[in-house]
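K.L.:
As a plain string of letters, each chain reads:
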Amino acid sequence: EVQLVDSGGGLVKPGGSLRLSCAASGFTFSSYAMVWVRQAPGKGLEWVSSISTSSTFIYYAGSVRGRFTISRDNAKNSLFLQMNSLRGEDTAVYYCARDSFGGFDSWGQGTLVTVSS
Amino acid sequence: QSVLTQPPSASGTPGQRVTISCSGSTSNIGSNAVNWYQQLPGTAPKLLIYSNNQRPSGVPARFSGSKSGTSASLAISGLQSEDEAVYYCAARDDNLNGPVFGGGTKLTVL
Numbered sequence: 001e002v003q004l005v006d007s008g009g010g011l012v013k014p015g016g017s018l019r020l021s022c023a024a025s026g027f028t029f030s031s032y033a034m035v036w037v038r039q040a041p042g043k044g045l046e047w048v049s050s051i052s053t054s055s056t057f058i059y060y061a062g063s064v065r066g067r068f069t070i071s072r073d074n075a076k077n078s079l080f081l082q083m084n085s086l087r088g089e090d091t092a093v094y095y096c097a098r099d100s101f102g103g104f105d106s107w108g109q110g111t112l113v114t115v116s117s
Numbered sequence: 001q002s003v004l005t006q007p008p009s010a011s012g013t014p015g016q017r018v019t020i021s022c023s024g025s026t027s028n029i030g031s032n033a034v035n036w037y038q039q040l041p042g043t044a045p046k047l048l049i050y051s052n053n054q055r056p057s058g059v060p061a062r063f064s065g066s067k068s069g070t071s072a073s074l075a076i077s078g079l080q081s082e083d084e085a086v087y088y089c090a091a092r093d094d095n096l097n098g099p100v101f102g103g104g105t106k107l108t109v110l
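Protein chains in written order, with the working numbering: chain A, 1 to 117; chain B, 1 to 110.
Be a bit skeptical, because a hint or two may be false.
What the hints assert, rightly or not - No more than 20 Å apart at the CA atoms, straight line, and that leaves these computed lysine-lysine pairs for PhoX-like:
id, chain 1, residue 1, chain 2, residue 2
1, B, 46, A, 43
2, B, 46, B, 106
3, B, 67, A, 43
Unchecked claim - Sample of chain B residues with no beta-carbon within 10 Å of chain A, all distances over it, derived:
id, residue
4, 47
5, 51
6, 99
Since the hints were derived computationally from the structure, they do not count as laboratory data.
Positions of the beta carbon are idealized from the N, C-alpha and C atoms, including for glycine.
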């Protein structure tokens, strides 16, 4: 069974940093591109970042470019999102998801990031 | 303001057929496949339709998708109470190197 488990969220002050993790199991992690998608409280979905299978291609939404860094460790079946210079508008539930060309076909349970003083 | 435009709400009675529209532009829906996601209350989104009209394994045939030009739609026939959820359309945008989502449509089963 495909499983993605998100972790690392929490309360952080504006300007602070946080590192999110996503542990994958049940599939060949190194064969799939991965993404982070976030959802602000009561709002819709927003794509944050994508990373290709071997980390060759990395893309970011304009709202996070230069502040967030996506990475992966295929040996440990793990996806990461390093978030720096956090702002109030980054408050959201962050989901990792598997990109299977036909869409994001598996999602983590999400981890809540709250940016507040 | 989402790049893809969806109606904020839709409703129907059990057994009815409802459709949800999604409007975009040539850089997204007009040149890329459309996917639909279902988000039940308090849960992560779930892929419902991919590549405009394909259903992943396990998704009932009551759900169908279509695309024409820069618009797409999701149809749900034989509406059931468990279909009450928020539905999002999405498509890759050539200007962003990533997907854009609609604002979501909250479906209420009356």
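K.L.:
Which numbered hints does this structure break?
P.N.:
Numbers 3, 4, 5, 6, in rising order.
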